[in-house]
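Peer 1: So the protein lines, in turn, are chains S and C.
Under my numbering, think of the first position of the first sequence as 1, with each following residue one higher.
Under my numbering, think of the first position of the second sequence as 1, with each following residue one higher.
Where hints are given, some of them may not hold.
What the hints assert, rightly or not - In silico DSBU-like links for lysine-lysine, alpha-carbon gap of 30 Å or less: (1) K56(S) x K448(C); (2) K440(C) x K78(S); (3) K56(S) x K317(C); (4) K317(C) x K78(S); (5) K228(S) x K448(C); (6) K78(S) x K384(C).
Claimed, not checked - A few chain C residues that face chain S, going by a derived Cβ cut-off under 8 Å, partial list only: (7) G312; (8) P314; (9) I316; (10) A318; (11) G363; (12) S433; (13) K444; (14) L445; (15) A532.
Stated by the list, open to error - The calculated label-pair distances, taken between Cβ atoms and stated as ranges, are: (16) L58(S) x K516(C): 32 to 38 Å; (17) L246(C) x A36(S): 52 to 58 Å; (18) R272(C) x L173(S): 30 to 36 Å; (19) G503(C) x L173(S): 41 to 47 Å; (20) L57(S) x A406(C): 46 to 52 Å; (21) G60(S) x L246(C): 34 to 40 Å; (22) G85(S) x G503(C): 51 to 57 Å; (23) T169(S) x A500(C): 41 to 47 Å; (24) S141(S) x E154(C): 47 to 53 Å; (25) S19(S) x K444(C): 54 to 60 Å; (26) A500(C) x L173(S): 27 to 33 Å; (27) A161(S) x G312(C): 40 to 46 Å; (28) N412(C) x L173(S): 46 to 52 Å.
No wet-lab data here; the hints were simulated from the structure.
Every residue, glycine too, gets a C-beta built ideally from N, C-alpha and C.
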Amino acid sequence: MNPDPAQGAAPGKKIEGRSLGRIAWNRLKRDKVAMAGGYTIVFLILVALFAPLIVKLLGGPPNEFHQDLIDVNTLAPKGGTGISGDHLFGVEPQNGRDIFSRVVYGARISLLIAFLATLLSVVIGATLGVVAGFFGGWVDSLISRAMDVFLAFPLLVFSIALAGVIPDTAFGLSGDTLRIALLIFIIGFFSWPYIGRIVRGQTLSLREREFVDAARSLGARGPYIIFKELLPNLVAPILIYATLLIPTNILFEAALSFLGVGIRPPTASWGGMLSDAARFYTLWHFMFFPGMAIFITVLAFNLFGDGLRDALDPKSRR
Amino acid sequence: MFRKKRVLVASTAVLALALTAACSGNSDSDSDSSSTKAEFNAALTKVVNPSDKKGGTIRLANVGDWDSLDPGETYYGYSWNFLRLYGRSLLTFKTEPGEAGNELIPDLAEDLGVPSDGGKTWTYKIRKGVKYEDGTEVKAADVKYAVLRSTDKETFPNGPAYFEGFLNLPEGYKGPYKSKGVNTDQAISTPDDYTIVFHLKQAFGGFDYFAMLSQTVPVPEAKDTGANYKQHVISTGPYMFDTNNLGKDFSLKRNPNWDAATDPLRKALPDRYEVQLNVNADDIDNRLLAGDLDLDVVGTGVQPAALGRVVGDPTIKAGTDNPSIARLNYTSINGNVAPLDKIDCRKAIEYAWDRTGYQTAYGGPLAGGDPATSVLPPFIPGYKKVDPYPVSAPTGDEAKAKEALAACGQPNGFETNIAYRSERPKEKAAAESLQQALGKVGIKLTLKPFPQGDYFSQYAGNPGYAKTNKLGLVVNSWGADWNDGFGFLSQIVDSRVIRATGGSSNISVRDPEVDKLLDQAIAETDNAKREAYWSQIDQKVMDDAFIVPGIVSKSLLIRPKNLTNVFVSQAYNMYDYLSLGVK
């Protein structure tokens, strides 16, 4: 009698081999907090994608003035906030722009910049990290020192200066497109060492493992080993750190817009709205809604990122 | 005892009130209320809380750093107002509320200047017995030295440059530090210790305004330390420096060598003045409202955050004043950028801009100002109403704008850029308002923020840069050095001040006829005739449509609760700092 592998399972259920990804997914699904974060992220992405539609139904053009809703003497919206059926989050003081529409459009800018900047830093960080870890020697020293330099950089100061001196038309781009590209570049280009260091460390330990030695002794060359043996094992840490980098980048973009070097007015961005609201700090609604938008987005990405890490790498939990 | 005093004060106040009412010939029904009751705008026309009580400390705060405490370099109205506590210029403005505040009166000098040689030579007599804080007497040579040192723009880069522009100084003269021993009698001569004579290159009828500048406050040559003099300015006024931590705070105490007999102007009531620098603007408003602070020394009014609180509460509003300021927040229309080289395209903008929106951008009718129809503010002597672009609604006249667009061959509008200073939220709001209003008639504006430090030298004010980058509109602002047509117009409508290297406040007005009118006005020594020119120039500039006039500023000032003799000086457009006392 051969032992039946199905014996331990519940009757009537077919046994299937579960991949690592499948296991992780099942773990993630059980983590309610992480899933709540995930659903929020999906919701935010949908909001950003369908912003024009949402605004058509529930708001108005984000840059349209409604000065009839403003008390000219105090600059505040009539009735304090201007919250009504037409303006769900009220209107801005002074010019009466609809805050709901601007928050919705702000999601586009925030998410676009955060995603693409993260992508950029992941690409640079993973490439250089693997190269440094795999080849070692002077290549490693060079890249590692470069990472040290980038990490020691007074990033905020530098990005303010860089964003300030770039002209209105450069690299064949102009207007908002140029500003978005510039922000993606600044944020992405300076946060790659965070990913780079992790990847380099992982690569260092992986390349000494038996399966890499085995591949090498079978005659595999560098590129094969990197792509077929190392990278699949690096996907988990890269994914985790990318998810955790996104909220940092959202905050960084908001900070730059707050300081006036981000997206140019009148295009709506959350950081820029906060900056406008600071002058009117006595009007709670102007700061509250963009602030909440940033808060919820960052929280959602952090919770989801934490859950993802737990799911992919259960050993790190405790 | 105490009560008796109060009654006395109140009755003098009523008397003063009755007198002013009688003078102005208006019989307000509320004139029976005593002046102790606070009223909105009370300090504009009368002295609030008149008193002669001595003693106490006046606490002031400045949102930024003082530009310079040195009378030779400082270039802010608030500083000129405050400086009179520790320095005496030849002339100054009358310390009275209302229009009288614009009148020049002698301070260190015995009388106004006496012109001769058709306005090319101006003579002043100096009071005898005026002493520095160390007891030495002020001589005419000290005034001459003070004026000469102020012309050294390498040592004092920020001060006004009127004297070196007009005085007949020797060729290549660089001030007493670098051009030591050079005879400067051809520019300023001192025939005796109490007479000073200014010799000009060209006739200038308004020289008395130069004699009002803080640069004529005497500086003893022996105590002058050049750029470091601001650390301890030698006082000629009733107060002298006690402590001075540059960039942080300073305080003034009584000057024992000041003699009231030589000084009919100053009441010198408080014992001390304490000034804090670099204080958060919102914090200043809150402390003023709480009474923990007496004055925001800069005198530009409340921040938007406090506005709702002040205007919304009638009792708080009653404790505020709302003076107009000689500052025009306007927008230049750059005729170098197509299609704005055509006058009809410029006129389309003149009709289309939203008067109410522009006003709201700067803070509304109270904290912002009144929409202007021309460059000259109403309270400048010689002002006449000029309104070449009447509109159907305060939000702009679309019909007339479209007519003008059709006349200039752009019936569907055009695209151009608007520059503003990125650090100034009000200018950003103004640019956004113009973008909205002009967008309605098809003129598409793109916003271009620039750093304010290089705004005039490298970007918007640099004709080459503005042209290649198509800056068709430039948000601009101009405050007169004093309330007079020359002070207000010369720097913003004279095309000859535009330099190819940038740096000029005039960005757009290029009209040889305007230049000619200015020359005629400057040479005119008869006041009435000179003043008639200003309105003529105003009309011509507006006809050329080079300037969107925007708004004439107003500020909402929180009247100090604990001080006496509070009134707004029309010359400085803020509370007069010479007469204040502590309750």
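Peer 1: Hint by hint, say whether it matches the structure.
Peer 2: Verification of the hints:
Taking the CA atoms of K56(S) and K448(C), the gap is about 28 Å. The hint holds against a cut of 30 Å. For a cut-off of 30 Å, the pair hint linking K440(C) to K78(S) stands: about 25 Å separates their Cα positions. The straight-line distance between the Cα atoms of K56(S) and K317(C) is roughly 41 Å, outside the 30 Å bound, and the hint therefore fails. A threshold of 30 Å between alpha carbons decides the hint, and for K317(C) with K78(S) the separation of about 18 Å falls inside it, so the pair holds.
A C-alpha spacing of about 50 Å is found between K228(S) and K448(C), which places the hinted pair above 30 Å, so the restraint is violated. Restraint check: the Cα-Cα separation between K78(S) and K384(C) comes to about 36 Å, which exceeds 30 Å; the hinted pair is violated. With 8 Å as the threshold, the beta carbon of G312(C) comes within range of chain S, its nearest partner Cβ sitting at about 6 Å, so the hint holds. Proximity of P314(C) to chain S is violated relative to the hint, the smallest CB-CB distance being about 12 Å (cut-off 8 Å).
With its C-beta approaching chain S no nearer than about 12 Å, I316(C) sits outside the 8 Å limit, and its interface hint is violated. Taking 8 Å as the C-beta contact cut-off toward chain S, the hint placing A318(C) at the interface is violated, the least distance being around 15 Å. Below 8 Å, beta-carbon pairs count as interface contacts, and G363(C) has one with chain S at about 7 Å; its hint therefore holds. Evaluation of the S433(C) hint against chain S yields a held restraint, the C-beta minimum of about 7 Å falling below 8 Å.
Restraint check, K444(C) versus chain S: the minimum CB separation of about 12 Å is more than 8 Å; hint violated. Because the beta carbon of L445(C) sits about 10 Å from the nearest beta carbon in chain S, more than 8 Å, this interface hint is broken. The interface hint given for A532(C) is violated, since its Cβ lies 36 Å from the closest Cβ of chain S, which is over the 8 Å cut-off. Roughly 60 Å separates the CB atoms of L58(S) and K516(C), a value that falls outside the hinted 32 to 38 Å.
Our hint of 52 to 58 Å for L246(C) and A36(S) holds, since their Cβ atoms are close to 56 Å apart. At about 59 Å, the beta-carbon gap between R272(C) and L173(S) misses the expected band of 30 to 36 Å. At about 31 Å, the beta-carbon gap between G503(C) and L173(S) misses the expected band of 41 to 47 Å. Separated by about 38 Å at the C-beta atoms, L57(S) and A406(C) break the suggested range of 46 to 52 Å.
Distance hint for G60(S) and L246(C): a CB-CB separation of about 51 Å, inconsistent with the stated range 34 to 40 Å. In this structure the supplied range 51 to 57 Å holds for G85(S) paired with G503(C), their Cβ-Cβ distance being about 52 Å. Separated by about 23 Å at the C-beta atoms, T169(S) and A500(C) break the suggested range of 41 to 47 Å. Range check, S141(S) to E154(C): Cβ separation about 51 Å, and the 47 to 53 Å hint holds.
Separated by about 55 Å at the C-beta atoms, S19(S) and K444(C) satisfy the suggested range of 54 to 60 Å. At roughly 30 Å, the beta-carbon separation of A500(C) and L173(S) lies within the given 27 to 33 Å, and the hint holds. Checked against the hint of 40 to 46 Å, the C-beta distance between A161(S) and G312(C) comes to roughly 42 Å, which is consistent with it. Separation of N412(C) from L173(S) is about 27 Å and departs from the stated range, judged on CB atoms against 46 to 52 Å.
Checked against the numbered hints above, the structure violates hints 3, 5, 6, 8, 9, 10, 13, 14, 15, 16, 18, 19, 20, 21, 23, 28; every other hint is satisfied.
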